[in-house]
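*Asks:* Here is what each chain is made of, one letter per residue.
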Amino acid sequence: MLESTFMTLMKLIIPLYIAAFVIYAVRAFKGPSIPDVILAVDCMSFDIAAFMAILAVYFKSTFLVSGAITLTLWAYLLDIYVAKHLARGEVGA
Amino acid sequence: MSEILFYIGAVMIIIGGICDLFGAIGLLRFPNFYVRLHAATVGTIGGAVVPLFGVALLALGADFLPHRYAIAGASFITGIIVLLAAPAGATALAYAAHKVKLVEWKPKVDHLAEVRGND
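Heads up: the sequence lines are chains A and B, in that order.
Taking the working numbering, the leading residue of the first sequence gets 1, the next gets one more, and so forth.
Taking the working numbering, the leading residue of the second sequence gets 1, the next gets one more, and so forth.
If you are wondering where the hints come from, they were derived from the structure by calculation, not from laboratory data.
For clarity, every value in this text was computed on a predicted model and none was experimentally measured.
Note that the Cβ used here is the ideal one computed from N, Cα and C, for glycine as well.
Don't take each hint at face value.
[Claimed, not checked] Partial selection, computed: residues in chain A whose CB lies under 7 Å from chain B:
no.	residue
1	Leu2
2	Ala19
3	Leu39
4	Thr62
5	Tyr76
6	Ala83
[To be verified] Which chain B residues face chain A? A few, computed with CB under 8 Å, are given here:
no.	residue
7	Phe6
8	Ala10
9	Met12
10	Gly17
11	Phe33
12	Gly46
13	Ala48
14	Ala92
15	Pro107
[To be verified] Derived pair list, reagent style DSSO-like, types lysine-lysine, alpha-carbon separation capped at 30 Å:
no.	chain 1	residue 1	chain 2	residue 2
16	B	Lys99	A	Lys30
17	A	Lys30	A	Lys84
18	A	Lys60	B	Lys99
19	B	Lys99	A	Lys11
20	A	Lys60	A	Lys11
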């Protein structure tokens, strides 16, 4: 009974997330400066991580959530490295 | 008890989807990088942290999942990581963009410049 409720919830949720991904991708391709592109890619990565956690419940698989943790940490690393490259002109350790 | 946790998680996932869509529309439509940071905050905190906590509650309440405690704990940890990492990354980007003057910025009202001009 709960499983059929969750399948109905997924039919409601998937179009919202797909529309958000498409709009983020439009901003990432169109962005006039470098920080806009990095900000759009950042938001898209965090939202893909949340969507992977929802898909882990949908497919009943645990391994998708470990991919979500790695994707989150990678997006934070991208932010910090690009900001340091813009501010200092180098990507030091 | 498990039905209550399941429905609270479902409501949090729906709120996260709506916040995600609104943040995306704001990121597309706002005119300036510093204004777009606000929409990005709506898209990350409201659109990623809230549904991750919702997935944690929903997986705790779902009886049909085989490894529900593993999924709940891992999504809760992912939510805490996003809650800590997203504001730090956005602040670093704003600092870099302001320091190098990459973004064109035309304020309508600048009280600090008026005060400094009168001194």
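*Asks:* Run through the hints listed earlier and report the numbers of any the structure violates, in increasing order.
*Replies:* Structure breaks hints 9, 12, 15, 18, 19.
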